[in-house]
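Enquirer: Here's the letter readout for the chains.
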Amino acid sequence: MSELLLPPEHRYAKIIKERHNEDGSELSVLNLGPTHPATHGIFQNILLMDGERILEAEPTIGYIHRAFEKIAENRPFYQITPLTDRMNYCSSPINNMGWWMTLEKLLGIEVPKRAQYLRVIVMELARITDHIICNSILGVDTGAYTGFLYVFQFREKIYEIYEEICGARLTTNMGRIGGFERDWSPEAFRKLDKFLEEFPPAWKEFENLFERNRIFLDRTVNVGGITAEKAMAYGFTGPNLRAAGVDYDVRVAHPYSSYEDFDFIVPVGKSGDTYDRFCVRNAEVWESLSIIRQALEKMPEGNEYHAEVPDYYLPPKEDVYNSMESLIYHFKIVMGEVPVPVSEIYHAVEGGNGELGFYLSTDGSRTPYRLHFRRPCFIYYQAFPEMIKGALLSDAIIILSSLNVIAGELDA
Amino acid sequence: MSDSKVNMVSPPEGLTGEGFFATKLNDVVGLARANSLWPLPFATSCCGIEFMATMAAHYDLARFGSERVSFSPRQADMLLVMGTISKKMAPILRQVYEQMSEPRWVIAVGACASSGGVFDTYSVLQGIDKVIPVDVYVPGCPPRPEQIVDGVMRLQELVKSESVRRRSSPEYQELLASYNIS
Amino acid sequence: MALENTQIQNKLTETFNNDVFNFHEERDIFTLEASADKITALILFLKNDSELQFHFLTDLCGIHYPDNESERQFAVVYHLHNWFENKRIRIKVYLNGEKPEIKTISNIFLSSNWMERETYDFYGIDFIGHPQLKRILNMDEMVSFPMRKEFPMEDSGRTDKDDRFFGRTVSNC
Numbered sequence: 001m002s003e004l005l006l007p008p009e010h011r012y013a014k015i016i017k018e019r020h021n022e023d024g025s026e027l028s029v030l031n032l033g034p035t036h037p038a039t040h041g042i043f044q045n046i047l048l049m050d051g052e053r054i055l056e057a058e059p060t061i062g063y064i065h066r067a068f069e070k071i072a073e074n075r076p077f078y079q080i081t082p083l084t085d086r087m088n089y090c091s092s093p094i095n096n097m098g099w100w101m102t103l104e105k106l107l108g109i110e111v112p113k114r115a116q117y118l119r120v121i122v123m124e125l126a127r128i129t130d131h132i133i134c135n136s137i138l139g140v141d142t143g144a145y146t147g148f149l150y151v152f153q154f155r156e157k158i159y160e161i162y163e164e165i166c167g168a169r170l171t172t173n174m175g176r177i178g179g180f181e182r183d184w185s186p187e188a189f190r191k192l193d194k195f196l197e198e199f200p201p202a203w204k205e206f207e208n209l210f211e212r213n214r215i216f217l218d219r220t221v222n223v224g225g226i227t228a229e230k231a232m233a234y235g236f237t238g239p240n241l242r243a244a245g246v247d248y249d250v251r252v253a254h255p256y257s258s259y260e261d262f263d264f265i266v267p268v269g270k271s272g273d274t275y276d277r278f279c280v281r282n283a284e285v286w287e288s289l290s291i292i293r294q295a296l297e298k299m300p301e302g303n304e305y306h307a308e309v310p311d312y313y314l315p316p317k318e319d320v321y322n323s324m325e326s327l328i329y330h331f332k333i334v335m336g337e338v339p340v341p342v343s344e345i346y347h348a349v350e351g352g353n354g355e356l357g358f359y360l361s362t363d364g365s366r367t368p369y370r371l372h373f374r375r376p377c378f379i380y381y382q383a384f385p386e387m388i389k390g391a392l393l394s395d396a397i398i399i400l401s402s403l404n405v406i407a408g409e410l411d412a
Numbered sequence: 413m414s415d416s417k418v419n420m421v422s423p424p425e426g427l428t429g430e431g432f433f434a435t436k437l438n439d440v441v442g443l444a445r446a447n448s449l450w451p452l453p454f455a456t457s458c459c460g461i462e463f464m465a466t467m468a469a470h471y472d473l474a475r476f477g478s479e480r481v482s483f484s485p486r487q488a489d490m491l492l493v494m495g496t497i498s499k500k501m502a503p504i505l506r507q508v509y510e511q512m513s514e515p516r517w518v519i520a521v522g523a524c525a526s527s528g529g530v531f532d533t534y535s536v537l538q539g540i541d542k543v544i545p546v547d548v549y550v551p552g553c554p555p556r557p558e559q560i561v562d563g564v565m566r567l568q569e570l571v572k573s574e575s576v577r578r579r580s581s582p583e584y585q586e587l588l589a590s591y592n593i594s
Numbered sequence: 595m596a597l598e599n600t601q602i603q604n605k606l607t608e609t610f611n612n613d614v615f616n617f618h619e620e621r622d623i624f625t626l627e628a629s630a631d632k633i634t635a636l637i638l639f640l641k642n643d644s645e646l647q648f649h650f651l652t653d654l655c656g657i658h659y660p661d662n663e664s665e666r667q668f669a670v671v672y673h674l675h676n677w678f679e680n681k682r683i684r685i686k687v688y689l690n691g692e693k694p695e696i697k698t699i700s701n702i703f704l705s706s707n708w709m710e711r712e713t714y715d716f717y718g719i720d721f722i723g724h725p726q727l728k729r730i731l732n733m734d735e736m737v738s739f740p741m742r743k744e745f746p747m748e749d750s751g752r753t754d755k756d757d758r759f760f761g762r763t764v765s766n767c
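Residue numbers (this note's numbering), protein chains in the order written: chain A, 1 to 412; chain B, 413 to 594; chain C, 595 to 767.
Errors might be hidden in some of the hints.
Label pairs and their in silico Cβ distance ranges [unchecked claim]:
#, chain 1, residue 1, chain 2, residue 2, range
1, C, Pro725, B, Glu583, 41 to 47 Å
2, A, Glu73, C, Arg752, 15 to 21 Å
3, C, Arg752, B, Lys436, 42 to 48 Å
4, A, Asn74, C, His618, 27 to 33 Å
5, C, Phe610, A, Arg53, 55 to 61 Å
6, C, Gln601, A, Arg214, 34 to 40 Å
7, A, Lys204, B, Pro503, 42 to 48 Å
8, B, Pro545, A, Ser185, 42 to 48 Å
Far from chain B, by Cβ distances over 12 Å, these chain C residues were calculated [to be verified]:
#, residue
9, Asn599
10, Thr600
11, His618
12, Asp643
13, Ser644
14, Asn690
15, Tyr714
16, Asp734
17, Phe745
18, Pro746
19, Met747
20, Glu748
21, Lys755
It should be emphasised that the hints constitute simulated quantities derived from the structure, not laboratory data. The beta carbon of each residue, even a glycine, is placed where N, CA and C say it ideally should be.
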């Protein structure tokens with residue numbers, strides 16, 4: 001049986017031949033293949049199993065490798081934003097804003113306070129969408145389909161807010177160097193207020209379905225735990241690390257875009273198991289809602305939404321047609337002939353899954369010399385074989401869902 | 413009631429009498445197949461999230477007969493390929509398509525599945541029609557749920573008008589042979 | 595008490611003398627270069643020292659510089675982070691162009707396992723002592739290293755791209 005699935009020189013084939021159980025049963029190999037209903041995204045795991053228990057796992061990734069880093073070496077800076085969208089596509093505004101902040105650090109541009117607050121609002125909305133998907137799909141994997149249908153309605157509401165701001169639903173390509181491409185319409189603020197009214201009761205209902213639910217607790221408590229030391233050694237960041245007990249959050253450690261003005265706690269779990277990850281994400285949604293409310297209250301007056309950097313920010317069309325300098329700036333920006341210093345920058349933002357870093361090395365030309373994305377999913381997925389050792393097969397599925405591995409970010 | 417904008421589906425052409433309705437086999441089979449297409453969601457990347465939005469309550473795809481998504485190829489009618497297919501993934505896509513039983517249809521959702529999309533690189537397959545025959549292409553990056561539903565409706569038109577004998581006809585066998593699918 | 599750049603520089607030069615050099619503050623991250631054979635000792639020192647405490651490996655990646663001299667054609671960049679003092683540090687190691695190899699740090703930081711595999715996959719840099727150095731993102735059968743500058747981005751097997759529409763003529767491509 002094992003000859004059909006594995007080449008005989010594979011490590012698992014040798015283990016199966018050598019090991020004999022007392023009751024005469026053999027070990028088996030299961031291919032949790034790239035296309036599987038419960039794995040969200042395509043990654044393969046070859047599992048060595050003893051009945052229903054998993055002894056070892058061998059992951060294979062790269063089934064959606066789109067060579068982002070190679071593409072980025074051939075594109076001017078503005079054209080790299082659509083690439084960043086498609087990494088963690090559940091919360092694409094965070095990726096976009098992270099990229100713009102990296103460029104602003106490179107070019108030494110100071111973004112006005114109001115634009116920073118607007119960025120904070122959009123990033124927290126994106127974090128809410130990411131956690132909505134992760135937690136509701138975790139619910140679907142344990143068999144509770146209703147929660148997914150209820151909260152997905154609110155993802156539609158957030159999509160409507162994105163459409164008011166930038167025109168797109170999922171892959172937003174939002175913002176420009178120095179701020180936003182247009183000011184937010186009053187309709188966007190109205191929809192945001194309506195969302196802030198309607199969402200909290202729905203999220204409370206969603207939480208009540210799961211947090212004290214006997215079946216959910218049986219399936220998730222003490223499943224897939226990881227200690228804090230192990231998590232730090234494996235490079236965990238984000239909600240997965242905070243569930244293990246370490247309160248590292250990039251928004252607090254290296255505040256960016258005025259996060260230091262806001263008052264929020266960083267929820268931390270205890271044992272790092274699936275239930276803790278679920279609860280940490282739930283609590284983070286409440287914190288994000290509180291940050292959005294604070295940002296709306298403290299929003300500075302006026303309507304400036306971008307920095308005054310004519311070298312990098314497209315001038316308004318009326319000026320392009322009527323004034324010579326604007327025409328020249330427009331031409332230079334579109335052609336990519338903008339002054340770029342030679343430098344190396346590393347900037348990190350707190351993405352939905354952890355520390356999303358951008359390492360940019362320029363050489364003065366219109367495209368980056370080297371752009372590397374520090375993708376949190378890629379780094380913490382290494383711990384997955386260790387987390388499922390000794391677990392049942394259905395537990396492995398739950399652990400994978402709760403880690404929130406997004407294939408676009410895994411392979412880039 | 414009579415001036416409402418609701419489009420009533422009309423029965424196929426045929427002879428009606430007391431207690432019987434005679435029509436062509438093709439029409440009845442086409443009607444039955446078109447309104448019960450079970451999808452196999454082959455979701456790889458961002459278009460998969462828009463598919464989840466299409467299956468959710470707002471843009472319910474289940475109204476069109478796709479109530480039960482089947483992840484087993486043997487039990488699915490249409491293969492919805494959503495997202496970028498890389499060259500590493502192409503043999504697996506091929507295997508899934510070959511395991512599907514006739515009649516089977518393929519919708520390529522999104523720019524990446526139709527033609528490689530924005531990723532013109534060494535590792536991305538430039539369109540799934542390099543490995544499997546495709547019936548409907550839905551462009552967009554990602555396409556809105558309304559567009560995906562439109563793609564499914566176009567497929568329904570195709571299915572309604574398809575002949576029952578098509579799958580054993582020499583043209584179809586030639587099409588499969590051109591993709592090296594036995 | 596915050597960790598100052600001068601403090602780091604002094605501690606490192608007194609332990610490693612001439613194997614660490616070119617200390618400078620690149621924008622907001624303190625950067626230094628190191629020589630390839632001392633890298634494991636350097637990283638272990640940075641992790642275990644009670645003052646420096648750079649206990650988290652943020653990132654590991656490679657860069658290709660085909661225009662440099664042959665001893666500095668490839669670079670491996672390590673980003674380390676100290677969460678207690680919120681301090682980041684970047685270490686660059688330049689490698690030979692013909693045979694780029696460097697010792698692995700996967701026994702010091704478990705998270706560097708896949709990052710080194712990715713760097714091998716893209717650049718062909720050999721990590722000596724790595725438990726499983728094979729390709730991770732590309733197909734296993736691939737022979738060339740795609741992120742090197744001489745490798746083309748586009749799929750060379752395409753037949754349906756009409757060069758006229760892309761402005762490609764015999765003279766410019």
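Enquirer: Could you run down the list of hints and mark each one as holding or not?
Expert: Hints and how they fare:
Evaluation of the 41 to 47 Å hint for proline 725(C) and glutamate 583(B) yields a failure: the beta carbon distance comes to about 54 Å. A C-beta distance of roughly 20 Å is found between glutamate 73(A) and arginine 752(C), which places it inside the suggested range of 15 to 21 Å. Separated by about 44 Å at the C-beta atoms, arginine 752(C) and lysine 436(B) satisfy the suggested range of 42 to 48 Å. For the pair asparagine 74(A) and histidine 618(C), the beta carbons lie near 29 Å from each other, so the given range of 27 to 33 Å is met.
Our hint of 55 to 61 Å for phenylalanine 610(C) and arginine 53(A) is violated, since their Cβ atoms are close to 48 Å apart. For the pair glutamine 601(C) and arginine 214(A), the supplied restraint of 34 to 40 Å is violated, since their beta-carbon distance comes to about 55 Å. Our hint of 42 to 48 Å for lysine 204(A) and proline 503(B) holds, since their Cβ atoms are close to 47 Å apart. The beta-carbon spacing between proline 545(B) and serine 185(A), approximately 45 Å, falls within the hinted interval of 42 to 48 Å.
Distance check on asparagine 599(C): its Cβ is at least 40 Å (rounded) from any Cβ of chain B, clearing the 12 Å threshold; non-interface status holds. The Cβ of threonine 600(C) sits about 45 Å from the closest Cβ of chain B, beyond the 12 Å cut-off, so the non-interface label holds. Distance to chain B confirms histidine 618(C) as a non-interface residue, since its nearest Cβ pair spans about 35 Å, more than 12 Å. Distance check for aspartate 643(C) against chain B: the nearest CB is about 41 Å away, which clears 12 Å, and the non-interface claim stands.
No beta-carbon of chain B comes within 12 Å of the beta-carbon of serine 644(C); the shortest separation is about 45 Å. Its beta-carbon lying about 26 Å from the closest one in chain B, asparagine 690(C) satisfies the requirement of being farther than 12 Å from that chain. Chain B leaves tyrosine 714(C) outside its interface by the beta-carbon criterion, the shortest separation being 16 Å against a cut-off of 12 Å. Aspartate 734(C), annotated as away from the interface, has a beta carbon of chain B within 12 Å; the closest lies near 9 Å.
A beta-carbon of chain B is positioned within 12 Å of the beta-carbon of phenylalanine 745(C); the least distance is around 8 Å. Against the 12 Å criterion, proline 746(C) falls within the reach of chain B, whose nearest CB is about 7 Å from its own CB. Look at methionine 747(C): its CB is around 6 Å from the nearest CB on chain B, not clear of 12 Å, so calling it non-interface is violated. The non-interface label for glutamate 748(C) is inconsistent with chain B: the shortest C-beta to C-beta separation is roughly 5 Å, within 12 Å.
Once the 12 Å rule is applied to beta carbons, lysine 755(C) is inconsistent with being away from chain B; the minimum gap is 8 Å.
The structure does not agree with the numbered hints 1, 5, 6, 16, 17, 18, 19, 20 and 21 stated previously, though it agrees with the rest.
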